[in-house]
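Participant: Sequence:
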Amino acid sequence: MNNKLSMKKMVTSAICLALCLVLPFLTGQIPQIGAMLSPMHIPVLLCGFLCGPLWGAVVGITAPLLRSVLFGMPRLFPTAIAMCFELCAYGFFAGFLYRRMPKKPWRVYAALICAMILGRLVWGAAQFVLLNASGSAFTLQAFMAGALFNAVPGIILHIVLIPILVKAVEKAGYGDNQ
Numbered sequence: 008m009n010n011k012l013s014m015k016k017m018v019t020s021a022i023c024l025a026l027c028l029v030l031p032f033l034t035g036q037i038p039q040i041g042a043m044l045s046p047m048h049i050p051v052l053l054c055g056f057l058c059g060p061l062w063g064a065v066v067g068i069t070a071p072l073l074r075s076v077l078f079g080m081p082r083l084f085p086t087a088i089a090m091c092f093e094l095c096a097y098g099f100f101a102g103f104l105y106r107r108m109p110k111k112p113w114r115v116y117a118a119l120i121c122a123m124i125l126g127r128l129v130w131g132a133a134q135f136v137l138l139n140a141s142g143s144a145f146t147l148q149a150f151m152a153g154a155l156f157n158a159v160p161g162i163i164l165h166i167v168l169i170p171i172l173v174k175a176v177e178k179a180g181y182g183d184n185q
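Numbering (my numbering), first residue to last: 8 to 185.
Some clues are possibly wrong.
[Claimed, not checked] Cβ-Cβ distance ranges computed for the label pairs, FRET-style:
#1 Ala149 - Gly79: 14 to 24 Å
#2 Arg107 - Ser141: 36 to 46 Å
#3 Leu172 - Gly35: 13 to 23 Å
[Unchecked claim] Each computed BS3-like pair below joins lysine-lysine, with the alpha-carbon atoms no more than 30 Å apart:
#4 Lys11 - Lys178
#5 Lys178 - Lys110
#6 Lys111 - Lys11
By construction, these hints were calculated from the structure, which means they are not laboratory data. For glycine and all other residues, C-beta sits at the position ideal for the given N, C-alpha and C.
From just these sequences and the hints, can you work out the full model?
Facilitator: Structure below.
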């Protein structure tokens with residue numbers, strides 16, 4: 008049983024990683040808001056919810072680097088590197104918090120919102136370190152623009168879409184509800 012569950016998590020994680028590579032091509036077709044939808048965040052968050060914190064973290068670290076190497080986007084430094092930290096936090100905290108909260112209908116929303124806040128804080132810290140190390144500055148205004156103001160379409164999309172997907176997948180009998 009444990010081997011079957013591990014294989015299930017590995018396959019689900021691989022699908023989520025593949026979605027991280029493909030979704031930005033689809034949302035990129037909407038020039039005004041495509042990047043603001045944060046398409047790579049969706050599969051990473053789903054992976055955390057469905058497979059657990061460790062698999063979510065692994066997909067989160069891997070996706071931006073792999074996409075940067077394969078397609079040149081996001082740019083490796085500082086964007087993809089900072090995204091590795093951010094998405095790792097998203098995947099980890101989504102899975103970790105979801106499993107630790109009481110099994111109430113609101114837990115998917117609470118875990119999602121907490122993971123999104125923590126991920127954005129981790130992104131800000133990574134950007135601050137990376138940019139300051141390279142001689143550039145990362146201001147509070149840059150943080151607010153990147154983490155909040157420019158991200159509103161993605162934040163709304165994630166809060167609406169992720170709980171629906173998690174509940175649908177779990178209702179279908181799939182998911183790791185430990």
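Participant: A separate judgement is required for each hint: does it hold in the structure or not?
Facilitator: Against the structure, the hints come out as follows:
{"no.": "1", "hint": "Ala149 - Gly79: 14 to 24 Å", "in the structure": "23 Å, holds"}
{"no.": "2", "hint": "Arg107 - Ser141: 36 to 46 Å", "in the structure": "37 Å, holds"}
{"no.": "3", "hint": "Leu172 - Gly35: 13 to 23 Å", "in the structure": "21 Å, holds"}
{"no.": "4", "hint": "Lys11 - Lys178", "in the structure": "20 Å, holds"}
{"no.": "5", "hint": "Lys178 - Lys110", "in the structure": "14 Å, holds"}
{"no.": "6", "hint": "Lys111 - Lys11", "in the structure": "27 Å, holds"}
Going through the hint list in order, the structure satisfies each hint without exception.
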